[in-house]
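Participant: Chain by chain, the residues:
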Amino acid sequence: MTAQAQIAGGYETGGGTWRFPASQPLKLDSGGEIAPLEVAYKTYGRLNETKSNAVLVCHALTGDQHLASTHPVTGKPGWWSRFVGPGLPLDPERYFIICSNVVGGCMGTTGPASTNPKTGEPYGLSFPVITIADMVRAQAMLIEAMGIDTLFAVVGGSMGGMQVLTWAADYPEKIFSAVCIAAAARHSAQNIAFHEVGRQAIMADPNWMGGAYLKAGVRPEKGLAVARMAAHITYLSEPALQRKFGRELQRDGLSWGFDADFQVESYLRHQGASFVDRFDANSYLYITRALDYFDLAARHGGSLAEAFRKARGVRFCVLSFSSDWLYPTAESRDIVRALNAAGCRASFVEIESDKGHDAFFLDEPQLDATLRGFLAAQAAARGLA
Amino acid sequence: MTEMREDFREILRLVRPGARVLDIGCGEGELLELLSREKRVDGQGLEISPEGVAACLARGLAVVQGDGDRDLDHFPTRAFDYAVLSKTLQQMREPKHVLSELLRIADQAVVSVPNFGHWKVRWALLSRGRMPETGALPEPWWSTPNIHLCTLADFTALCDDLGLRIDACVALAEGRKARQIDPRRPIENWRAETALFLLSRKTADTPEAVPQNLFGEVELPKPDAPAPRTKPKRRKR
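In order, the protein sequence lines correspond to chains A and B.
Taking this note's numbering as reference, the numbering of the first sequence is continuous, increasing by one, and the terminal residue is 950.
Taking this note's numbering as reference, the numbering of the second sequence is continuous, increasing by one, and the terminal residue is 235.
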């Protein structure tokens, strides 16, 4: 177990790859296990003496541990940089903020692109199918290895929100508060359908090579780009697309062909093309599968309230966005209803926004205010200065 | 320190320490904060405005954004000891449904309503033939949120309809001390500007679950076994 601390700019105070020995495997829902397990993470701020100020941020499908650090591949600021800083909702002067790459990911945590110790080659499709609960189990291992008993808060949006819910269901005694943003307690048929389009696009790319593309030295870039393009549409909203692009053309007049005439086409192509530089196609398959398999109620006898039965001591904040059609407000309301039924302390806000699902990455003052207010109040309740 | 709202003072007096309280239309959470501080209640708010919800969250209160007309159905049965609905029943689309929902969700409901039978209201109608604008009902008819106004007699009749027991009632008036009243007395239907009720279900399981003397040291007339001293009902308008 080594943590190579690499101090970078910003508020980053540490990070690296936590290597769990083969004797400490990650046990999986599927019955299998991953050993040895490596978990890549970043930290911001400092752990206080009582180890009571740790906040775990769970990232979304295509996110990673670079919460507020410059991304090593794209050179862009971290995906939630605008939330991390003094006076911001995730204040590194107050909290010790941890963000780790999910299991199955491709930014340093063990995933299908990692080397299979049994073969010495990339896992590819020999990587076991993972679930959201597996991701959370790996996070729990990391937190324990860091010597942290209880997290002050677990925060996440989209797939990150599902991890938050899973934390509450599986480790209620290890969390003080939970913030679930723009998520759902299960994947709907529509969610699964969109993911299936993405997976089929990847698998239809001849360069996918049955998942063994790394060995062959190629990458299914076209398929992955199409998958990203299709998914990206689900992250936006019709009004947001209309406002941003309308029917604006790239250049004067139509091409009378199949070039990217419209700005929206060009934008999507760019989204797809830039995605393949930083994401592994098999990771995309595995993580979307984990999302599709996610159904918190099903794991608890069909009752979502049952899932939260032991989480009565946890203070929840559930947030949704009015224009999010990927995980619409009704999904969040179901979560809140179950929390209420389970007797949990739950707050819920639907934030007015026309930016769709992606609003949680964007400048939404109400999101900032809500999150800052909730966390600050919980910090006071937790006795954090 | 601003002076405590008279209805808040009364609610504070009514609520048992450590109780579970749902405040419907909790605004910025002033009442819940007061109850949490003074009575250590386990509070939960329901508020429609995002600003109100944000303010509650910043105070550390648990609050769900929602609409009392629609979202009460989402709360489980008997999840709370008290459901508080302060001065908003008359703004609900379906006050009858809301009232019965309050007493499904909670063992007791604290409900305050402006009394449309108050003499100033009657006088405004009688003398000027105009919709009343009084302290309790300040807005003109075309902008008032109050769509389902009632008199004390109407309200007690609805309670009877729904099989609700009035455990306590106080009259509230701007700038005056709260006054315990028997809401079924016709004179109170003239005198009370606003009335605050403590209600419970008449069903068998409530009495033992709920301690009867909720007014602390003050002993109140209990209209439990209502000795209907009221004359035949005042005409409904």
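In short, the hints are calculated from the structure, not lab data.
C-beta atoms are modelled at their ideal positions from N, C-alpha and C, and glycine is treated no differently.
Some hints here could point you the wrong way.
[What the hints assert, rightly or not] One-sided and incomplete, this derived list gives chain B residues near chain A with beta-carbon spacing under 8 angstroms:
1. Pro48
2. Val51
3. Arg57
4. Val62
5. Trp121
6. Leu124
7. Gly127
8. Pro130
9. Thr132
10. Pro143
11. Leu160
Participant: Measuring from the C-beta of Pro130/B to each C-beta in chain A, is the shortest one below 8 angstroms?
Facilitator: Hint on Pro130/B: violated, closest Cβ of chain A at ~36 angstroms, above 8 angstroms.
Participant: Does the closest beta carbon of chain A sit nearer than 8 angstroms to the beta carbon of Arg57/B?
Facilitator: holds, 6 angstroms
Participant: Interface hint check: Val51/B, Cβ to nearest Cβ on chain A, cutoff 8 angstroms. Holds or violated?
Facilitator: This hint holds: Val51/B lies near chain A, its Cβ roughly 5 angstroms from the closest one there, short of 8 angstroms.
Participant: Taking the least C-beta to C-beta distance, is Trp121/B closer than 8 angstroms to chain A?
Facilitator: violated, 43 angstroms
Participant: Tell me if the interface restraint on Gly127/B is satisfied: Cβ within less than 8 angstroms of some Cβ in chain A.
Facilitator: Where the cut-off is 8 angstroms and the nearest Cβ of chain A is about 42 angstroms from Gly127/B, the hint is violated.
Participant: Can the hint on Pro48/B be confirmed by a CB-to-CB distance to chain A that is less than 8 angstroms?
Facilitator: holds, 6 angstroms
Participant: Is the shortest C-beta separation between Pro143/B and chain A less than 8 angstroms?
Facilitator: This hint is violated: Pro143/B lies away from chain A, its Cβ roughly 21 angstroms from the closest one there, beyond 8 angstroms.
Participant: Using Cβ atoms only, decide whether Leu160/B comes closer than 8 angstroms to chain A, and label the hint accordingly.
Facilitator: violated, 23 angstroms
Participant: Quick check on the hint: Thr132/B CB to chain A CB, less than 8 angstroms?
Facilitator: violated, 35 angstroms
Participant: Mind checking the CB of Val62/B against every CB in chain A and telling me if the closest is under 8 angstroms?
Facilitator: holds, 4 angstroms
Participant: Taking the least C-beta to C-beta distance, is Leu124/B closer than 8 angstroms to chain A?
Facilitator: At 45 angstroms from the nearest chain A Cβ, Leu124/B fails the 8 angstroms test, so the hint is violated.
Consistency note: the structure conflicts with the earlier hints numbered 5, 6, 7, 8, 9, 10 and 11.
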